[in-house]
Amino acid sequence: MVLLEKGKSILTFILVVVLSSCGGSDEPTPVDDDSKDREAILVHWADNIIKPSYANFNSKLEMMGSKADDFTDSPTNTSLIEFRSAWLSAYTEWQKVEMFEFGPADRYTLRNFFNIYPADVNGIIANINDPAANLEVPASYARQGFPALDYLINGTGIDDAAILAYYTTDTDAAKRLAYVDKVVSRMETLLSNVVTEWNGAYRDTFVASTGLDIGSSMGAVVNAYVLYYERYIRSGKIGIPAGIIGTMVGTPYPEKVEAYYKRDISKSLVKTAHQAVIDFFNGKSINGGTEGPSLKSYLDGLGAKDATTGTLLSTLINNQFSTINDKVDELSSDFYNQIQTNNQAMVDVYTNMQTEVRYLKVDMTSAMSITITYTDNDGD
Amino acid sequence: MKKYFQKSTSAAPLAVFRIALGLLLFASIIRFWAKGWIHQLYIEPKYFFPFFGFEFVTSPGDYIYFFFALCGLSAFLFAIGFFYRIASITLFLSFTFIEMIDKSTYLNHYYFVSMVCLIMIFLPAHVYFSVDAYRNRSLAFEKIPQWCVDAIKLFVCLIYLFAGLAKVNSEWLLNAQPLRIWLPSKNDLPLIGSLFNYVWVAYVFSWLGCLYDLSIPFLLLNRATRIFAYGGVIIFHVLTAILFPIGMFPYIMIATALVFFSPDVHTKLLKKIASLLGKSNQLVFSDNRYEYNPISKSLLVSFFSVFFLFQILMPFRYLAYPGELFWTEEGYRFSWRVMLMEKYGQAQFMVKDKDGKYAAIDNREFLTPLQEKMMATQPDMILQYAHILRDHYSALGWVAPEVYVDSYVAMNGRLGKPLIDPLTDLAKEEDSFRHKPWILPLNNEIKGF
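Taken in sequence, the protein lines are chains A and B.
All letters in the first sequence, in the order written, are residues 1 to 380 by our numbering.
All letters in the second sequence, in the order written, are residues 1 to 449 by our numbering.
I should point out that these hints are in silico values taken from the structure, not numbers from a laboratory.
Note that CB positions come from ideal geometry on N, CA and C, so glycine has one too.
Errors might be hidden in some of the hints.
Derived coverage of chain A by chain B (criterion: at least 3 residues anywhere in the stretch with Cβ under 8 Å from a Cβ of chain B; other residues may be distant) [claimed, not checked]: (1) 211-218; (2) 247-257; (3) 304-316; (4) 364-370.
Here are the simulated lysine to aspartate or glutamate pairs, EDC-like style, with alpha carbons at most 20 Å apart [unchecked claim]: (5) Lys343/B <-> Asp306/A; (6) Lys327/A <-> Asp279/A; (7) Lys343/B <-> Asp213/A; (8) Lys354/B <-> Glu402/B; (9) Lys3/B <-> Asp150/B; (10) Lys352/B <-> Asp406/B; (11) Lys271/B <-> Asp132/B; (12) Lys417/B <-> Glu230/A; (13) Lys186/B <-> Asp213/A; (14) Lys186/B <-> Asp300/A; (15) Lys343/B <-> Asp421/B; (16) Lys417/B <-> Asp306/A; (17) Lys186/B <-> Asp34/A; (18) Lys186/B <-> Glu39/A; (19) Lys343/B <-> Asp406/B; (20) Lys46/B <-> Asp362/B; (21) Lys143/B <-> Asp264/B; (22) Lys186/B <-> Asp37/A; (23) Lys46/B <-> Glu365/B; (24) Lys35/B <-> Asp213/A; (25) Lys175/A <-> Asp69/A; (26) Lys271/B <-> Asp287/B.
Just need the whole structure built from these sequences, with the hints factored in.
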């Protein structure tokens with residue numbers, strides 16, 4: 001009889017525990033199950049964000065190529081100004097595709113060939129003198145792409161007249177123009193390779209890979225996205241020039257800012273890149289601007305949140321993005337100057353970006369069950 | 001008690017267990033080699049994380065292939081029962097040596113394999129259906145002491161029970177963590193995938209998983225429920241194989257659970273294999289029983305007493321430490337706590353010295369991605385890495401380098417927070433069995449085991 005009593009109370013205890021857990025005190029409002037449909041996200045990314053972004057960039061790059069041709073055919077003050085304007089337009093548009101270093105872009109290591117700075121001036125000059133110079137090797141990364149063009153059209157003279165002389169009256173003028181052509185046509189070729197694959201069979205391969213394991217589309221995208229934010233925006237555009245390593249400030253390197261020679265566009269470039277990162281997180285379509293399935297909707301579908309406050313992780317992420325935008329707005333458009341007059345403002349941006357890196361790299365990937373490693377092995 | 005040790009049973013179950021375990025381990029070694037993991041995990045890393053007290057164990061560089069070959073070979077010889085004693089000792093030593101090189105590669109099922117190979121050294125698994133018995137009839141016996149088979153069963157029961165007990169906590173049962181995070185990542189599986197989008201399914205899997213672990217030993221021991229239980233074993237472990245990247249473990253457990261079946265089942269199985277090999281008439285059936293010599297007997301009693309005492313006490317050592325076990329991980333390994341956490345972190349290290357030199361560490365220059373991932377959530381590895389950095393910079397001429405870490409760890413759906421006190425100079429801290437006071441508290445109670 002005692003046993004029966006004991007059994008009853010144990011059963012009651014179990015029932016109470018089960019029922020109270022089913023009550024789900026920490027359950028958010030019922031979520032749409034489609035929000036965890038990864039294929040829908042991949043399709044939206046491919047068709048409404050990635051391909052249109054590449055298409056837009058492609059047309060800007062083609063325009064730059066055409067203006068470059070005009071310039072190298074006939075270097076005049078007008079053609080220089082137009083070339084520079086098209087370069088600026090293309091460089092700005094590039095910021096919207098720089099984060100897509102996965103799939104074809106990863107295979108062609110597009111970013112390495114398009115935007116590694118500071119430009120290697122000595123290397124560029126050496127390449128100018130050597131028409132057979134190899135632009136495929138890692139040593140050549142800083143001798144091509146947008147930073148090289150930055151030097152070539154903005155840094156080769158103290159004013160436009162001097163720059164023009166560099167391409168008209170100086171003895172090496174013809175070789176220099178030839179190098180400009182070489183750099184530009186290489187960029188066009190590389191981008192064309194990437195765009196062709198996205199417009200071809202790769203898109204279907206991309207959306208079919210719906211798992212989250214190493215090598216899956218979403219795994220590759222999230223890894224690339226987080227890496228881009230951490231290493232290329234946070235460190236590359238802000239941290240390294242401001243001399244921030246880890247969390248301490250050392251010697252700044254203002255000459256390592258993006259677009260060092262143009263000088264006044266560093267802020268607009270990082271703003272464009274940052275906004276593209278934000279829009280991607282929220283699944284904003286390039287054409288139309290509506291939000292579709294995205295990292296945000298996926299996280300919300302998983303119920304990822306800060307349990308102590310009940311705030312959704314996606315809200316924390318977006319709020320932090322917003323804070324960073326405000327901090328970036330406070331900077332001068334000339335980062336070189338900003339660093340030398342008030343580096344603390346750069347450090348503030350960096351610190352806020354570091355907070356964001358942690359949300360993305362640790363909280364987001366953990367909630368999504370995505371591994372940020374490249375090792376495949378058994379886990380226990 | 002003495003009567004129990006005099007009981008006999010058929011040697012067939014132990015022989016089948018030996019063959020199955022040996023072949024699966026042999027296959028595991030081949031698989032490990034084929035995936036390139038030998039190179040990736042034991043040759044590529046610049047540094048390793050030895051276990052406390054075992055710092056003398058270090059990777060032999062390229063010679064690691066020799067140890068893997070030795071392990072694979074001994075597993076095969078173990079399986080066929082050729083020079084069994086030497087094979088089983090070599091298997092245990094080589095496998096355990098490999099696993100002791102780096103904490104980053106610790107897996108509960110490797111620990112299981114080590115322990116079971118250790119037990120097998122002392123059991124007469126070679127007296128039946130083995131090359132040794134075939135070549136030397138005086139070694140062949142059909143009967144062995146019952147406790148020999150029971151020892152395996154007891155060990156398996158203990159593992160399941162502790163694994164089940166480890167799941168009796170508020171994370172697993174009340175929050176369905178971490179399954180709630182892991183299951184949706186598999187929602188693209190055919191047929192069952194879409195179920196994983198629902199949180200209630202994570203609760204069902206959590207509760208069923210816990211109940212399975214706690215009940216399966218009894219269901220397997222009880223003859224009436226055995227077949228049904230074994231069906232459960234297969235379903236459970238195959239499911240885990242589909243859902244999680246845990247390698248050979250599910251198959252090892254499915255094969256291991258066979259030991260609970262009656263001798264008849266095993267004898268039939270061996271007869272079948274024998275007839276396939278054309279050696280049916282070689283199977284021995286007699287009442288001769290394998291006997292240990294008296295000295296061995298007393299040593300065995302001591303060994304197995306210590307062994308099982310150790311196995312029973314180890315999972316509870318966490319009680320000697322303050323703080324949340326899942327967070328501090330003091331006493332976490334070697335306790336059958338299997339797949340209980342989704343824990344991920346980032347650790348930014350800084351080294352500075354008396355002269356004002358300063359370095360922010362890029363972990364990729366010292367550790368592999370796997371090592372970095374494991375280190376970032378485990379305080380003892382964070383300390384070891386800090387010492388690696390201290391010694392590295394000392395060798396560069398830095399004066400009394402100090403090492404600090406800015407850590408951020410997310411666990412079971414909680415928002416990330418610092419794990420380690422960023423103001424503690426880890427270069428001065430020494431590793432020991434004592435609690436590490438520089439681990440910051442979780443400030444969130446996890447009830448249960």
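Quick rundown of the hints versus the structure:
{"no.": "1", "hint": "211-218", "verdict": "holds (count 3)"}
{"no.": "2", "hint": "247-257", "verdict": "holds (count 3)"}
{"no.": "3", "hint": "304-316", "verdict": "holds (count 7)"}
{"no.": "4", "hint": "364-370", "verdict": "holds (count 6)"}
{"no.": "5", "hint": "Lys343/B <-> Asp306/A", "verdict": "holds, 15 Å"}
{"no.": "6", "hint": "Lys327/A <-> Asp279/A", "verdict": "holds, 18 Å"}
{"no.": "7", "hint": "Lys343/B <-> Asp213/A", "verdict": "holds, 17 Å"}
{"no.": "8", "hint": "Lys354/B <-> Glu402/B", "verdict": "holds, 8 Å"}
{"no.": "9", "hint": "Lys3/B <-> Asp150/B", "verdict": "holds, 15 Å"}
{"no.": "10", "hint": "Lys352/B <-> Asp406/B", "verdict": "holds, 14 Å"}
{"no.": "11", "hint": "Lys271/B <-> Asp132/B", "verdict": "holds, 18 Å"}
{"no.": "12", "hint": "Lys417/B <-> Glu230/A", "verdict": "holds, 18 Å"}
{"no.": "13", "hint": "Lys186/B <-> Asp213/A", "verdict": "holds, 10 Å"}
{"no.": "14", "hint": "Lys186/B <-> Asp300/A", "verdict": "holds, 17 Å"}
{"no.": "15", "hint": "Lys343/B <-> Asp421/B", "verdict": "holds, 18 Å"}
{"no.": "16", "hint": "Lys417/B <-> Asp306/A", "verdict": "holds, 11 Å"}
{"no.": "17", "hint": "Lys186/B <-> Asp34/A", "verdict": "holds, 14 Å"}
{"no.": "18", "hint": "Lys186/B <-> Glu39/A", "verdict": "holds, 12 Å"}
{"no.": "19", "hint": "Lys343/B <-> Asp406/B", "verdict": "holds, 17 Å"}
{"no.": "20", "hint": "Lys46/B <-> Asp362/B", "verdict": "holds, 14 Å"}
{"no.": "21", "hint": "Lys143/B <-> Asp264/B", "verdict": "holds, 13 Å"}
{"no.": "22", "hint": "Lys186/B <-> Asp37/A", "verdict": "holds, 11 Å"}
{"no.": "23", "hint": "Lys46/B <-> Glu365/B", "verdict": "holds, 9 Å"}
{"no.": "24", "hint": "Lys35/B <-> Asp213/A", "verdict": "holds, 16 Å"}
{"no.": "25", "hint": "Lys175/A <-> Asp69/A", "verdict": "holds, 15 Å"}
{"no.": "26", "hint": "Lys271/B <-> Asp287/B", "verdict": "holds, 18 Å"}
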